[in-house]
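Enquirer: Here's the letter readout for the chains.
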Amino acid sequence: GNSVTQMEGPVTLSEEAFLTINCTYTATGYPSLFWYVQYPGEGLQLLLKATKADDKGSNKGFEATYRKETTSFHLEKGSVQVSDSAVYFCALGKSNTGKLIFGQGTTLQVKP
Amino acid sequence: GAVVSQHPSRVICKSGTSVKIECRSLDFQATTMFWYRQFPKKSLMLMATSNEGSKATYEQGVEKDKFLINHASLTLSTLTVTSAHPEDSSFYICSANWLGSALGYGYTFGSGTRLTVV
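Same order as they appear, the protein sequences are chains A and B. When we follow the numbering used here, the leftmost residue of the first sequence carries the number 1, and every step to the right adds one. When we follow the numbering used here, the leftmost residue of the second sequence carries the number 1, and every step to the right adds one.
Hints in this document: simulated from the structure, not taken from any laboratory. Do not take every clue at face value.
Computed cross-link-like contacts, BS3-like style, restricted to lysine-lysine with a CA-CA straight-line distance of at most 30 angstroms [as the list claims (entries may be wrong)]:
#1 B:K42 to A:K77
#2 B:K42 to B:K66
#3 B:K41 to A:K94
#4 A:K111 to B:K42
#5 B:K14 to B:K42
#6 A:K56 to B:K64
#7 B:K41 to A:K77
#8 A:K111 to A:K56
#9 B:K55 to A:K94
#10 B:K66 to B:K14
#11 B:K41 to B:K64
#12 B:K66 to A:K52
#13 B:K66 to A:K99
#14 B:K66 to A:K56
#15 A:K94 to B:K66
#16 A:K60 to B:K41
#17 B:K20 to A:K68
#18 B:K55 to B:K14
#19 B:K41 to B:K14
#20 B:K64 to A:K111
#21 A:K99 to B:K64
#22 A:K94 to A:K56
#23 B:K20 to B:K55
#24 A:K99 to B:K42
#25 B:K64 to A:K52
#26 B:K20 to A:K60
#27 B:K64 to B:K14
#28 A:K94 to B:K20
#29 A:K94 to B:K14
#30 B:K20 to A:K99
#31 A:K94 to A:K60
#32 A:K99 to B:K41
#33 A:K60 to B:K42
#34 A:K111 to A:K94
#35 A:K52 to A:K68
#36 A:K99 to A:K52
Remember, it's a predicted structure, so these values are computed and weren't measured experimentally.
Same shape as in the complex, but just chain A (with noise of 0.2 angstroms):
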């Protein structure tokens, strides 16, 4: 079945550290992915999406690349802020079906 592993959390950086979220996912056909992000006490918004293998999905300085050969789409960013403090999830879709499985989230916290 369809799957999607993120890495365990909470990740704690410091302001301006790299950051790399990791995220894996077991999947028939060809799915979409998306990085969602949720910020204390609402809902998810979308940050970025990536539709097919080696497509590159951007946004806010976050970036992910679709790897179909290691089946993973790890998320990125060169430079956090402490407003980057969040909870992000990676989920895989299928246009198929129309539903989203999410990974279990990784919580973010950065200091200043």
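For this one, chain A is given, so just place chain B on it according to the hints.
Expert: Relative to the frame of chain A, chain B by itself:
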């Protein structure tokens, strides 16, 4: 574009009562909406897929009679938690998928509803 409004954002109810949560697509038509439940410090669990004009499709382990879903129009889906108990306290989030010619398909989430049953 592709905005989903969820209401209420917070609700406190007494044990045994029912609570209705609304999910509206504001600027697009959503033939399909999804309802998720999120436990503290946990991921989102898909509860059901809401289809306009037909019965919802529930995920395994989700009680259909407990969580009533109605999708009467292309812009509104409702989740009713019936005879709520403290263990139903959770964060409920809806989402809708949309098809854009330029961007392919995507998902937009509501802001969530924090339900507390006392």
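Enquirer: All hints, please: hold or fail.
Expert: Comparing the hints with the structure gives:
Annotation: proposed proximity of K42 (chain B) to K77 (chain A) holds, straight-line Cα distance about 24 angstroms (limit 30 angstroms). Proximity of K42 (chain B) to K66 (chain B) is assessed by CA-CA distance (about 22 angstroms); at most 30 angstroms being required, the pair is judged to hold. Of the pairs offered as hints, the one joining K41 (chain B) and K94 (chain A) holds, with about 25 angstroms between alpha carbons and a cut-off of 30 angstroms not exceeded. Pair hint K111 (chain A) plus K42 (chain B) holds up; C-alpha atoms about 23 angstroms apart against a cutoff of 30 angstroms.
For the hint pairing K14 (chain B) with K42 (chain B), the CA-to-CA distance comes to about 25 angstroms; that is within 30 angstroms, so the pair holds. For the proposed pair K56 (chain A) and K64 (chain B), the alpha carbon gap of about 40 angstroms is over 30 angstroms, so the pair is violated. Restraint check: the Cα-Cα separation between K41 (chain B) and K77 (chain A) comes to about 23 angstroms, which is no more than 30 angstroms; the hinted pair holds. Annotation: proposed proximity of K111 (chain A) to K56 (chain A) holds, straight-line Cα distance about 28 angstroms (limit 30 angstroms).
Between K55 (chain B) and K94 (chain A), the direct Cα distance comes to roughly 21 angstroms. Compliance with the 30 angstroms bound is thereby established for this hinted pair. The suggested pairing of K66 (chain B) with K14 (chain B) holds, with an alpha-carbon distance near 16 angstroms, which does not exceed 30 angstroms. Taking the CA atoms of K41 (chain B) and K64 (chain B), the gap is about 25 angstroms. The hint holds against a cut of 30 angstroms. Straight-line distance between C-alpha atoms of K66 (chain B) and K52 (chain A) comes to about 38 angstroms, which puts the hinted pair past the 30 angstroms bound.
Of the pairs offered as hints, the one joining K66 (chain B) and K99 (chain A) holds, with about 22 angstroms between alpha carbons and a cut-off of 30 angstroms not exceeded. With a CA separation close to 41 angstroms, the supplied pair K66 (chain B) and K56 (chain A) exceeds the 30 angstroms bound. Of the pairs offered as hints, the one joining K94 (chain A) and K66 (chain B) holds, with about 28 angstroms between alpha carbons and a cut-off of 30 angstroms not exceeded. With a C-alpha separation of about 25 angstroms, the suggested pair K60 (chain A) and K41 (chain B) falls inside the 30 angstroms cut-off, and the hint holds.
Distance hint between K20 (chain B) and K68 (chain A) is unfulfilled; the C-alpha atoms sit about 42 angstroms from each other, more than 30 angstroms. Proposed proximity of K55 (chain B) and K14 (chain B) is supported: the alpha carbons are some 28 angstroms apart, at most 30 angstroms. Only pairs whose Cα atoms come within 30 angstroms are accepted, and K41 (chain B) paired with K14 (chain B) is accepted, the gap being roughly 24 angstroms. About 44 angstroms separates the Cα atoms of K64 (chain B) and K111 (chain A), which puts this hinted pair outside 30 angstroms; it is violated.
For a cut-off of 30 angstroms, the pair hint linking K99 (chain A) to K64 (chain B) stands: about 18 angstroms separates their Cα positions. This hinted pair checks out: K94 (chain A) and K56 (chain A) have alpha carbons roughly 18 angstroms apart, not beyond 30 angstroms. In summary, the hint linking K20 (chain B) to K55 (chain B) is supported, as the alpha carbons are separated by about 17 angstroms, within the 30 angstroms threshold. Only pairs whose Cα atoms come within 30 angstroms are accepted, and K99 (chain A) paired with K42 (chain B) is accepted, the gap being roughly 18 angstroms.
Annotation: proposed proximity of K64 (chain B) to K52 (chain A) is violated, straight-line Cα distance about 35 angstroms (limit 30 angstroms). The straight-line distance between the Cα atoms of K20 (chain B) and K60 (chain A) is roughly 36 angstroms, outside the 30 angstroms bound, and the hint therefore fails. Pair hint K64 (chain B) plus K14 (chain B) holds up; C-alpha atoms about 21 angstroms apart against a cutoff of 30 angstroms. Pair hint K94 (chain A) plus K20 (chain B) holds up; C-alpha atoms about 29 angstroms apart against a cutoff of 30 angstroms.
At roughly 39 angstroms between alpha-carbon atoms, K94 (chain A) and K14 (chain B) are farther apart than 30 angstroms, so this suggested pair is violated. At most 30 angstroms may separate the alpha-carbon atoms for a hinted pair to count; K20 (chain B) and K99 (chain A) meet this at roughly 23 angstroms. Using a Cα cut-off of 30 angstroms, the hinted pair K94 (chain A) and K60 (chain A) holds, with the two alpha carbons roughly 25 angstroms apart. Annotation: proposed proximity of K99 (chain A) to K41 (chain B) holds, straight-line Cα distance about 22 angstroms (limit 30 angstroms).
A threshold of 30 angstroms between alpha carbons decides the hint, and for K60 (chain A) with K42 (chain B) the separation of about 25 angstroms falls inside it, so the pair holds. At most 30 angstroms may separate the alpha-carbon atoms for a hinted pair to count; K111 (chain A) and K94 (chain A) exceed this at roughly 36 angstroms. Taking the CA atoms of K52 (chain A) and K68 (chain A), the gap is near 9 angstroms; set against the 30 angstroms cutoff, the hint holds. The suggested pairing of K99 (chain A) with K52 (chain A) holds, with an alpha-carbon distance near 17 angstroms, which does not exceed 30 angstroms.
The earlier numbered hints that this structure contradicts are 6, 12, 14, 17, 20, 25, 26, 29 and 34.
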